[in-house]
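Q: Read off the chains here:
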Amino acid sequence: MKLNILKTYWKESLAYRAEYLISVFVVPMRFFILVFIWSAVYGANQADVIQGYTLSNLITYFMISTFVFIAIFNDVEKTLEKEIKKGDFLIYLLKPVNFPVLEFMKKIARRFFAILIEILPIMIIFILFFKEYLVMGKIGFFLISVGIAFVSSYVIYLLIGMMAFWLINIRSLAWILDFAIQFASGLFFPLNLLPPTIEKILSFLPFKYLIFVPVNMYLGKYSTGFESGFTNTVYFQLLIQLLWCFILILFACFVWKKAIRRFSGVGA
Amino acid sequence: MRSFLKLWFKSAKLQIARRMAYRGEYFISLIAMFILELIGPLLIFIIYFNSEGFPGWTFYEVLLVQGILLTVKGFSFFSFAGIIWNSNVTLMRGEFDIVLLKPRNTLLMFICESFDAEDIAKFIGGLLITTYALSHINGITLVGIGLMIALMILGVGFYFIIALLASSFVFRFIRTFRIYEVMDIFELVGRYPKSIYPKAFGTLFTTLIPIFIIAVFPANALLGRLSIDMVFASVSIILLIFISLKIWFATIRRYASAGG
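Top to bottom, those sequences are chains A and B.
One point on numbering: in the working numbering, the residue at position 91 of the first sequence is 108, and numbering is uninterrupted.
One point on numbering: in the working numbering, the residue at position 150 of the second sequence is 258, and numbering is uninterrupted.
Derived by calculation from the structure, the hints in this document are not laboratory data.
A quick note: this is a predicted structure, and the numbers were derived from the prediction, not measured.
Derived list of chain A stretches under chain B, where covered just means 3 residues or more per stretch with a C-beta under 8 Å from a C-beta of chain B:
1) 41 to 52
2) 64 to 74
3) 182 to 195
4) 208 to 220
Partner residues aside, some chain A positions facing chain B, computed with beta carbon under 10 Å:
5) Ser-56
6) Tyr-59
7) Gly-60
8) Phe-200
Here are the simulated DSS-like pairs of lysine-lysine, each with C-alpha atoms no more than 27 Å apart in a straight line:
9) B:Lys-302 with A:Lys-148
10) A:Lys-123 with A:Lys-99
11) A:Lys-148 with B:Lys-307
12) B:Lys-210 with B:Lys-118
Glycine included, every Cβ here is placed at the ideal spot set by N, Cα and C.
Make a model of the complete structure from these sequences and hints.
A: Spelled out as structure tokens, the structure:
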């Protein structure tokens, strides 16, 4: 049945392919501008490296972080809020598959579609126009990390959506949290560029494992050997990422049980 | 025009009153609107925290560009740029016919109905950032302020062009909410000094797509860095307003509702 759910949502994504295709114009354009900005900064300062990043490293960081963002993006909080607000959430309680699982299947289908229609054309454009900035990275650990980030991201946004069981209208709050998560995950710039105190605070949160850590794995910033200590290895980062993912799932299960008990739709 | 302004103010009052019915949510959304716009100043902070920044520009001068951009954008978004969103929504619901039936100019009527009470936060936030940046810049003259305001008005004109063209695009392709991302690209270009772009791009963004008029040129005028580019951009804006108006009305003429 779960495979059929995947197929249905894949077909739904096909119907709105124009919306996805906007990325093919927008993302490379954003990159052209980023290249101009950072080339000017590196050029003016006659610096080869800023906070451990060469210009190529930084441009690759922005490129890979955009791909990771497209791959793990989800808006489950909006769907959940809408269903609760309209009272339609009641229907999900009658279905044989519960809401979190159904939405998770939907996200997998949509993200596979996004990878095909957004990431692949953008990658071709990058290879054509930004070849000199591209740094070939370590794909294996990176893909595992993105997979875990996908699950963590889904659970985080599901938790945000669950707030609607108590607050009903969470649209604006979700905007603020979404911005904060994108910032803390390193989507806008590598977290090492932040003042050390802020970087230290963010390192205790799970958000950096959504984008910053996977991208740095790609860039080979973590070693695969144990010469510089276990904490600097890719294995340690994956372990912590898995641990956060597990904690988030447990927490989401706990909140979901409380939320379901609290929900009362019209006529329920 | 007077009657339009009267109608616009009444519509604005109504929209704000409607949002004030749920004032807690409204205030949070105002804060959210401002916070979401902080990415520009944040990136500037990061650049200047880690390097010497852009040649010829201090941190507060680039921050001034961010403030001016947000002020111009905020004003445009709450006063008329809501027509983009409204085009998407009214077409999807089939409600645009009602606008056409009203006994006023369709565009002015559509603008009145598209007032966005949330985007006021962007405007106020822009003013705050501009004031903060100005308080750290010396040598400001009254002539400079006058020129800056004049160019900011033309910057609003740039957003008017974009709003009309984006609305026309929505009328043609229906349900294209992501058109805002294309607008973000223009905005991203306008956030940084002209000197960082290659010459061809600099000329393009001064004449054919005069993006620098939304923030870079007003900041330059205030700082006393006048150039002939400002004249080219101003002339271009006036011409593009006429062209985009023509396109919008031509699109509306081709509009066929569900009933044909």
